[in-house]
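From just these sequences and the hints, can you work out the full model?
Here the protein sequences line up with chains A and B, keeping their order.
Under the working numbering, the first residue of the first sequence is numbered 9, with each subsequent residue one higher.
Under the working numbering, the first residue of the second sequence is numbered 9, with each subsequent residue one higher.
Treat the hints with care, as some may be off.
Here are a few chain B residues that face chain A, going by a calculated C-beta distance under 7 angstroms [as the list claims (entries may be wrong)]:
# : residue
1 : S55
2 : P149
3 : F153
4 : R325
Part of the chain B face toward chain A, derived, beta carbon under 8 angstroms [what the hints assert, rightly or not]:
#  : residue
5  : A53
6  : I95
7  : H103
8  : R107
9  : Y135
10 : S157
11 : G196
12 : A203
13 : G218
14 : E220
15 : I224
16 : L227
17 : D243
18 : V247
19 : P336
20 : E373
It is worth saying that the hints were derived from the structure and are not from the lab.
Since we're looking at a predicted model, the values are computed, not measured.
Where is the CB? At the ideal position from N, CA and C, for every residue including glycine.
2 protein chains.
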Amino acid sequence: MVLPFDILEYQKRLDDTKELMAKKGIEVLLITDPANMNYLSGYDAWSFYVHQMLVIVIDEPQPLWIGRYQDANGAKATTWIYEENVIAYPDYYVHSEIRHPMDFMAAILSQVGQGTRRIGVEMDHYYFTGMAMERLKKGLPNAKFQDASLLVNRVRMVKSDQEIEYMKRAGVIADLAMTKGIDSINAGRRECDTAAEIYYHLIKGTPDYGGEYPAIVPLLPTGDHTAIPHLTWSDRPFVEGSPVIVELAGCYKRYHVPLARTVSIGEPSNKLEVLAPVVLEGIQNVLQTAKPGVTCSELEAVWSKSIKQYGFEKEARLGYSVGLNYPPDWGEHTASIRKGDQTVLQPNMTFHLIPGLWFDHDGIEISETFRVTDTGCEQFTTYPRELIVKQESSMFLNSNGQIS
Amino acid sequence: MVLPFDILEYQKRLDDTKELMAKKGIEVLLITDPANMNYLSGYDAWSFYVHQMLVIVIDEPQPLWIGRYQDANGAKATTWIYEENVIAYPDYYVHSEIRHPMDFMAAILSQVGQGTRRIGVEMDHYYFTGMAMERLKKGLPNAKFQDASLLVNRVRMVKSDQEIEYMKRAGVIADLAMTKGIDSINAGRRECDTAAEIYYHLIKGTPDYGGEYPAIVPLLPTGDHTAIPHLTWSDRPFVEGSPVIVELAGCYKRYHVPLARTVSIGEPSNKLEVLAPVVLEGIQNVLQTAKPGVTCSELEAVWSKSIKQYGFEKEARLGYSVGLNYPPDWGEHTASIRKGDQTVLQPNMTFHLIPGLWFDHDGIEISETFRVTDTGCEQFTTYPRELIVKQESSMFLNSNGQIS
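Structure follows, in C-alpha cells:
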C-alpha cells in the first residue's frame, strides 16, 4: 500500500490533534468528518453515506476505525492503522429502523474502556446527525460529551510542503478544466455539454497524474441565473449575448484548488463591463495585502474599501480556507475572509478568494486560490484573470441559433 | 420558470406528507434532506453544504424556505412557493463560531407563530447535525420535538408516471455511460481515463436530454480492490488479467438509475467464472419473483436459497429503494431488500438490486434497477447482464504493458 503522505506526517497530525485535545480536556475524539478521517488515517472511500468514525484516544498510539462491514477492507487498504484496530458493524445496522450504528459504536467504546471518559464529538459536521448524538449519549450514559467541531480542521489549516505539492497539481487540473470548459461555451451548445467537458478534464487530469472528484460539482449558472451562485447546469443551450459563470475545482489526493471565471458569450452587458474592473482591482488589492501576520478581517477591509470607491458593497464573505475535502463542500469551515475574522495568516495557509457580487438578475464571480508564502502569497493557477469574452461563437450560428 | 412536475403533483405530495404528519401528531415539519426539499418544493441547487430547511406547517397551504441569503434567488427560481415565503439569513451565520443558522430559523419559527407546536425533525438525515438539533431546542424551548426521519422518504417510495419517465431517461444515460466506460477499459489505460469517459457521458447525456451529477460518483475498484465496493478510481493503469467493477448511475432531474457490472480484462479468474453464473441466476430468480404483494424479505429469501445451492451466503442487503436524491447517496433509506424487511411491493416502487459478493481479495457486482409493474417488474436499462470479458485489449500491448 502506498499512502499519499509519509507515516511521520500522519504521526505529526495525530500529535497536533492530541495536543489540542489535551488543551480542551478531551480524552477521546470521535471523528465523523470524512476529511478529518482521511487527514489522520489516510482513509479514502465513498462510504460516508453510512455512519462511520475514527476514534482518537489521547493515551493510545493507534486510532480505531469503526464502520460498515463491507467497508472494513477499505480501511485496511487505505490507512496506516493496524488491522486489529479496524472494527466493523454488520450490515443490518445500515438504514435500519430498529438498530443504529451508533449503538454498536457506543458498545465498542465501552468494551475498549472509553465509555466513561470525556468524549469530543464533531457536533456541527455533516454526517454527525442529531440521531447519532442522541444514540451515543444513550449508549454511553457515563461519558461526558463536549463539542469538538473544527478541532481537526484547525490542525489542517497550515499545509505541509507535500500538501502544497498536491494542491499545485490540483491547480494544474483546475486550469486545464477551465480552459477546456470555457473553450466549449458557445451559443447553441448546451450547458450540459460544457459541464461534461469540464468533468472529463477534471477527472482525466494530465498524462502525469489523474484527477479526482471535486467535493462540489462544477457550477454553471447562466443568463439571469448568474444571480444564483449555487445552481448547477441544465440542458438548455447557451444564448448569444448572455453571461455564464464557471466555478470548478481541480482535485488531487482529495486536495482542492477552486477557480471561478465569468464569461460573456458575445458582447458583455454594460453591467458586467462596469463590474469586472471593480472586482479585478479588488482582488489585486487583496492579493497584494495577503502575507503572514495580516488577518482575514484586514483582507476584507481592503476589499471593502476597494469596491466602495465605485459604490459597491458585498454581503457575503469573500473567501475561506480550502484544501482536503469530501462532498458536500471543499471549504474547511475554519477561517473566512470577512469582517471580524481574526485569523492571522501564516505561511502555507491556503484560501479560496471568491468575492462574487450577486444582484437580482445578474452577478459576477472571478476567483483565485492562493497560498500564503513567507513574504506574501502566490496563486495555484495561471488562467487569465479577466472577464472572458467569447466573440467567435456567433460566426458559426445560423439564424435559428443552431451551430451550422 | 418550468418546474419538472405539474403543480398538482407537488400539491399531492404535500397533501400526502401532511396526512402522515397528522397521523404522527406533527404540526410543523422541518425538512433538511435536500431530496425531500426538492420533492415537495422543486428546490434544486448545490447549497446543502450550509444549513437550510423547508418548513411544512400542517394548517398552512404554502411551505416556507429558509436558507442563506445568496441562495434565496435560487429558491425563487426553482420552486413553486411564493416569494414572500422565501426567508434568508445573512452570510455572517455561515460557518461562524458565534452565530448558528438554526438560531435564526428558530427565531423565524417563533415569529410566524410556530414556536410552541409539535415539531418534527429529520433526526438521522445528513445535513441535520447534532448541533442543529441542540440550537433548535435552545431557540424553541416551548416546542415539542419529535423524530420525523424518513416521513417524506416514505411518501417518495411509490413513483408517479412522470417520475418513472424521468427514471427511464436516467436509465438510457446509465446504459450509455456503462457502454462508453467499459469500452474504454483496457490494460495500460488508467482508471481515471475510464472514470472521465463515464462522467463525460453521464453529464452530456443524449442529444435529446442532458444528464446531471449522480449522488454517488462512479465507483471503479480494480484488482484486489474489487473486494472493496466503495473505493473510487486512481490513476494507476489497468492490468491484463485483472477484474474491474463499474458501478454508476444515470441521473435526470435528480432521479437515479444505478447500474453495476464486473469486467475481466482478458481471461477471468476461476473465482469470477464460478461466481458470475451464481449471481446471474440469483438475480434472475429475484426479478422473476418481484411483483406487487411480495415483500422485500421474500425477495431476499429467494436470493439466499438461490446462491445457497452453490454454497454461498451474503452478508449485506441486496438492494434498496432508489430514485430522487442528492449526494452522498442515491438510496432512499426506506425499504431494503433483506431478511426481515416487510415492505410490500407496490406498482411504481423502484429498487436497485445489487447483490454484490465480496471476499478478502476479490468480489463481484452485477446489478439491475427495476420498477414494480402491475404484474411483475421491468428493468430501466438494457446493458447485457453478464460477466464482461474484454479480450481484445492484449493485442495492443507490448511486452512492457504499454499500449503500442
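The hints, checked one at a time:
1. Because the smallest distance between the Cβ of S55(B) and any Cβ of chain A comes to about 4 angstroms, under 7 angstroms, the interface hint for this residue holds.
2. A hinted interface residue such as P149(B) counts as satisfied when its beta carbon comes closer than 7 angstroms to some beta carbon of chain A; here the least separation is about 17 angstroms, so the hint is violated.
3. A distance limit of 7 angstroms between C-beta atoms decides the matter here; for F153(B) the minimum to chain A is near 9 angstroms, and the interface restraint is violated.
4. The interface hint given for R325(B) is met, as the beta carbon of that residue sits about 6 angstroms from the closest beta carbon of chain A, less than 7 angstroms.
5. The restraint placing A53(B) at the interface with chain A holds, with a minimum CB-CB distance near 4 angstroms, inside the 8 angstroms limit.
6. Residue-level restraint check for I95(B) is violated (minimum Cβ-Cβ distance to chain A is 15 angstroms; threshold 8 angstroms).
7. For H103(B), the interface hint holds, the least distance from its beta-carbon to any beta-carbon of chain A being 5 angstroms, beneath 8 angstroms.
8. A least Cβ separation of about 11 angstroms between R107(B) and chain A goes past the 8 angstroms threshold, and the interface hint is therefore violated.
9. With a cut of 8 angstroms, the hint placing Y135(B) at the interface with chain A holds, because the nearest CB-to-CB distance is about 6 angstroms.
10. Checking S157(B) against chain A by beta carbon gives a least distance of about 7 angstroms; that is within 8 angstroms, so the hint holds.
11. Restraint check, G196(B) versus chain A: the minimum CB separation of about 13 angstroms is more than 8 angstroms; hint violated.
12. Here the hint on A203(B) is kept, as its CB sits about 5 angstroms from the closest CB of chain A, short of 8 angstroms.
13. At its closest, the beta carbon of G218(B) sits 3 angstroms from a beta carbon of chain A; the interface hint therefore holds under the 8 angstroms criterion.
14. Interface hint at E220(B): satisfied, since its Cβ lies 7 angstroms from the closest Cβ of chain A, which is below the 8 angstroms cut-off.
15. Taken as an interface hint, I224(B) checks out: its beta carbon lies about 6 angstroms from the nearest beta carbon of chain A, inside 8 angstroms.
16. Here the hint on L227(B) is kept, as its CB sits about 7 angstroms from the closest CB of chain A, short of 8 angstroms.
17. Because the smallest distance between the Cβ of D243(B) and any Cβ of chain A comes to about 3 angstroms, under 8 angstroms, the interface hint for this residue holds.
18. A hinted interface residue such as V247(B) counts as satisfied when its beta carbon comes closer than 8 angstroms to some beta carbon of chain A; here the least separation is about 16 angstroms, so the hint is violated.
19. Interface restraint check for P336(B): the shortest CB-CB distance to chain A comes to about 4 angstroms, inside 8 angstroms, so the restraint holds.
20. Nearest Cβ of chain A to the Cβ of E373(B): about 11 angstroms, over the 8 angstroms cut. The hint is violated.
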